[in-house]
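Number of protein chains: 4
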Amino acid sequence: MSKIPKISFTAARQASARRAMGRLKNKYDHVPVSQADVIVALGGDGFMLRTLHRYLKHGLPIYGMNRGSVGFLMNEYDEDNLPGRIKKAESITVHPLNMSATGVDGRKKTALAINEVSLLRQTRLAAKIRIIVDGVVRLDEMICDGVLVATPAGSTAYNLSAHGPIIPIGADLLALTPISAFRPRQWRGALLPHDAKVTFEIIDPHERPVSAVADNTEAFQVSKVVVTEDRSKSLTMMFDPEHNFEERILKEQFQP
Amino acid sequence: MSKIPKISFTAARQASARRAMGRLKNKYDHVPVSQADVIVALGGDGFMLRTLHRYLKHGLPIYGMNRGSVGFLMNEYDEDNLPGRIKKAESITVHPLNMSATGVDGRKKTALAINEVSLLRQTRLAAKIRIIVDGVVRLDEMICDGVLVATPAGSTAYNLSAHGPIIPIGADLLALTPISAFRPRQWRGALLPHDAKVTFEIIDPHERPVSAVADNTEAFQVSKVVVTEDRSKSLTMMFDPEHNFEERILKEQFQP
Amino acid sequence: MSKIPKISFTAARQASARRAMGRLKNKYDHVPVSQADVIVALGGDGFMLRTLHRYLKHGLPIYGMNRGSVGFLMNEYDEDNLPGRIKKAESITVHPLNMSATGVDGRKKTALAINEVSLLRQTRLAAKIRIIVDGVVRLDEMICDGVLVATPAGSTAYNLSAHGPIIPIGADLLALTPISAFRPRQWRGALLPHDAKVTFEIIDPHERPVSAVADNTEAFQVSKVVVTEDRSKSLTMMFDPEHNFEERILKEQFQP
Amino acid sequence: MSKIPKISFTAARQASARRAMGRLKNKYDHVPVSQADVIVALGGDGFMLRTLHRYLKHGLPIYGMNRGSVGFLMNEYDEDNLPGRIKKAESITVHPLNMSATGVDGRKKTALAINEVSLLRQTRLAAKIRIIVDGVVRLDEMICDGVLVATPAGSTAYNLSAHGPIIPIGADLLALTPISAFRPRQWRGALLPHDAKVTFEIIDPHERPVSAVADNTEAFQVSKVVVTEDRSKSLTMMFDPEHNFEERILKEQFQP
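Chains as they are written, first to last, in our numbering: chain A, 1 to 256; chain B, 1 to 256; chain C, 1 to 256; chain D, 1 to 256.
Simulated from the structure, these hints should not be mistaken for lab results.
Among the hints, erroneous ones may be present.
[To be verified] Far from chain C, some chain A residues (derived; all Cβ distances over 10 Å):
hint	residue
1	S8
2	N81
3	Q253
[As the list claims (entries may be wrong)] Computed list of lysine-lysine pairs in BS3-like fashion (alpha-carbon distance at most 25 Å, straight line):
hint	chain 1	residue 1	chain 2	residue 2
4	A	K251	A	K109
5	A	K87	A	K25
6	A	K197	C	K251
7	B	K251	D	K197
8	C	K224	A	K251
9	A	K109	A	K57
10	A	K57	A	K6
11	D	K197	B	K224
12	B	K197	D	K197
13	C	K251	A	K224
[As the list claims (entries may be wrong)] In silico contact screen, one side only, chain C against chain A (beta carbon under 8 Å); selected entries:
hint	residue
14	G59
15	I132
16	G135
17	I166
18	I167
19	D172
20	L173
21	L191
22	P193
23	K197
24	T199
25	F254
For every residue, glycine included, the Cβ atom is placed at its ideal position computed from N, Cα and C.
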């Protein structure tokens, strides 16, 4: 960005984020999203994800500043020289996952996920899930709590909790990671090409109900879930050069 | 057992188990539980667990024969010389866990668990759980899918799926194993003395509901769960000497 | 390959491999390497690796047939219609790692590795290793048995034993995987971009000697080891379409 | 201890440990070991292990104070009121492992280990090891870097690095933990009863040499190693009540 970027501010509900927005709107011009070059989001990682979803159709880059408890996707909070920082910031563009979930009642629900699409059992009964990759049955019946597909950007989130590997941004891979797999015994999951089409078929979905979640969208008692990367959609985040996103993910891998 | 044992047969619902019971009742005397020396259970591991619960107050040993898909707790099925096999069988006595769960509405639910007591989030929101062992806060806030406490007998079941260690029978330990822990990052759980009192306090139980399960009993939206071993109750299973339970658990650890 | 390929046969030392070569040379024409279109290697994975190294400068594709105990890199052994199978085979080209190891005496040793470059302590004393990626110190001092860098092709070998992730062929990543890391406690390693330059500096190399191995080349008491992918060199293996290498690695991830 | 304990001081080689000993000998009476009630060891965990070995035959308790980089086995360093602290300290008694290693030349080497007995390949060639527990072959051939048997006291040391479980003191278990197992694929090891006799037979010990280490004693090119707990020998360490050893190991399990 060569000229002074026009900023539209948005803030999470917490008081500290809203107060920060007040001060920043006083200091810098604030424009409506329709006129903006960039959106500045104030909050934590959860708010960044919601902001990315909310402004997906505008195609604007989001520059986040941390006003939350976890700020992996956020730059450091600083009120000085914001336009200058934004001009020097580096952009990273990621593609969301598309979840297409079919319920036992036949209804379909589709949603986008920036981090992961995950399935989890809804009752005390273990889930039984068939895993199909690009039309080939890879696991006929996994008995488990659930399973997830994560993007590189999401690989440090739920995927990591479920013992999946951290994937560098730009690796063109997806992580397919089981959640507490009982059979196959201690199965560790797989790294798949980013253009893989992953289909989960729920076995006995009436007796053993399973929910599916794409970031903030939840579908209950699904019978089938198809996950693909949606390359037609792009999300752009901006990071200060000294803490860009590749560096963050790389660093995360060297955390003790 | 020196004399010929009086047998009370019981079978799982599946046809193969019921047909087996028919043939065995023809071949051997069948007595009511109140007159029996031993209960012979026909089915899989799930049925063994149900049988143990059902006859807990009778204090009778259970000799299982495998008519199910998983038969870790079962002896091999064979219709010949059943009294002789029972006389030569080795007994293993285990103590159940007691779960005392308090709901957000203040109601209490108690239940026994032979394998494990487990907690799992009920919605897409991660659970936040405080872990207290013998009155000492060990983890002030774990962000996770859930957590479980397993007996040695249960250590090869859900605990193993959640990446917990297999514990030999007689080790006087319990496994405290997280389910997809996000914070502390990749926490692996702990082995605790068998007489530890483990208290789970759910943080934000209204916004982040968590269910608790003791084998087949499920409590929803709990705010607090206390788990202790109940040494006043005993469960006795009988195993053919060549495949006794210690041996089974030991062997399970050398599975590839 | 449109015409009938000219084959140069080579076999491992084992009798079964040599006998197979005898029969195949009888059945098909055998030409010297200098006139060959393809090398047919008879043995196991170890022999495939040796063959790849040996004929690296000739740039010929290698078609392997399994006469060994492990045949991950090998096609099924079959004496029929070999030229036809070779014509239909799919090629996969990989690049080796280059190891440049400096000893405590200042001498340098360089070698290529198809699978991995690994370091291991030589005595009972734990190794202390500094890890530098692209000039940035990522771990100032890892106390460990050792550490390795694996290619995608090698990710199912030593890397997997050391608990590293399996990487699909074509993922443009390297696995940096610790071997029994004591500090940082239970560090899991990292996935790095394929063009990363990884430098290992041995701390106290006189008191705590460490060896470095690139496939079959071993350097003792090293003080520094630099690992990079060597894109100027290419190795081509040929696989029957029904069991191509991408499929093998993918399948390996779904092994129970 | 009811009367004022007679102390024999000993210190590691480092200057800070030796200076501390100087000051403490000035402040308190120092007696030869033969007249002492307790040995006060000044250094880190490594020095504690050496001190335990050195004074094993005297049967004296060791009270350690931390002057090293790792002080898991050490109390906090404080020069005040040492006799009072020792009188209030809690004793923990552990039994060492006995390693009996036979070399390919037929020579036997025996040594005690407080933490673990470990085997590791000596060259770039993977070790092939048969694992026998109480006379029963449990793994006919493990292909690996090595394997170890750890006591509960040692379970937080090398065993933890090799991904083995932490065992509470008093659990009467040993951890059998593989080091980078290639076959069986990703084998995780086993928890064994403390009185198990573990025999390792090295396959091809001439071609694939393996060393065995009991704490500080190393045997090269072994063909067979037998590991048992030696209940005839006892080692007693003393800990301040607020940080006793059980508590330390328990706490260690809740480390993030």
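Consistency of the hints with the structure:
Listed as outside the interface, S8(A) is consistent with that label: its C-beta sits roughly 34 Å from the nearest C-beta of chain C, beyond the 10 Å cut-off. Here N81(A) stays apart from chain C, with its beta-carbon at least about 26 Å from theirs, past the 10 Å limit. Separation of Q253(A) from chain C is inadequate, the least Cβ-Cβ distance of about 4 Å not exceeding the 10 Å criterion. Between K251(A) and K109(A), the direct Cα distance comes to roughly 36 Å. Violation of the 25 Å bound is thereby established for this hinted pair.
For a cut-off of 25 Å, the pair hint linking K87(A) to K25(A) stands: about 18 Å separates their Cα positions. Among the hinted pairs, K197(A) with K251(C) is consistent with the structure: their alpha-carbon atoms are about 16 Å apart, no more than 25 Å. Proposed proximity of K251(B) and K197(D) is supported: the alpha carbons are some 16 Å apart, at most 25 Å. Using a Cα cut-off of 25 Å, the hinted pair K224(C) and K251(A) holds, with the two alpha carbons roughly 23 Å apart.
This hinted pair checks out: K109(A) and K57(A) have alpha carbons roughly 19 Å apart, not beyond 25 Å. Distance restraint check for K57(A) and K6(A): the Cα-Cα separation of roughly 18 Å lies within the 25 Å cut-off, and the hinted pair is therefore satisfied. Restraint check for K197(D) and K224(B): the C-alpha separation of about 43 Å exceeds 25 Å, so the hint is violated. Taking the CA atoms of K197(B) and K197(D), the gap is about 33 Å. The hint is violated against a cut of 25 Å.
Using a Cα cut-off of 25 Å, the hinted pair K251(C) and K224(A) holds, with the two alpha carbons roughly 23 Å apart. Look at G59(C): its Cβ only gets to about 27 Å from chain A, farther than 8 Å, so that hint breaks. Evaluation of the I132(C) hint against chain A yields a violated restraint, the C-beta minimum of about 11 Å exceeding 8 Å. Given hint, G135(C) at the interface with chain A, is violated; its Cβ is 13 Å from that chain's nearest Cβ, farther than 8 Å.
Taking 8 Å as the C-beta contact cut-off toward chain A, the hint placing I166(C) at the interface holds, the least distance being around 7 Å. At a threshold of 8 Å, the smallest CB-CB gap from I167(C) to chain A is about 6 Å, leaving the interface hint in force. The beta carbon of D172(C) is positioned within 8 Å of a beta carbon in chain A (closest approach about 7 Å), and the interface hint is therefore held. Interface hint at L173(C): satisfied, since its Cβ lies 6 Å from the closest Cβ of chain A, which is below the 8 Å cut-off.
Annotation: L191(C) was flagged as interfacial toward chain A, and the flag holds, the nearest CB pair being 6 Å apart, inside 8 Å. For P193(C), the suggested interface contact is upheld, since its CB lies about 6 Å from the closest CB of chain A, less than 8 Å. Checking K197(C) against chain A by beta carbon gives a least distance of about 14 Å; that is not within 8 Å, so the hint is violated. The interface hint given for T199(C) is violated, since its Cβ lies 14 Å from the closest Cβ of chain A, which is over the 8 Å cut-off.
Checking F254(C) against chain A by beta carbon gives a least distance of about 5 Å; that is within 8 Å, so the hint holds.
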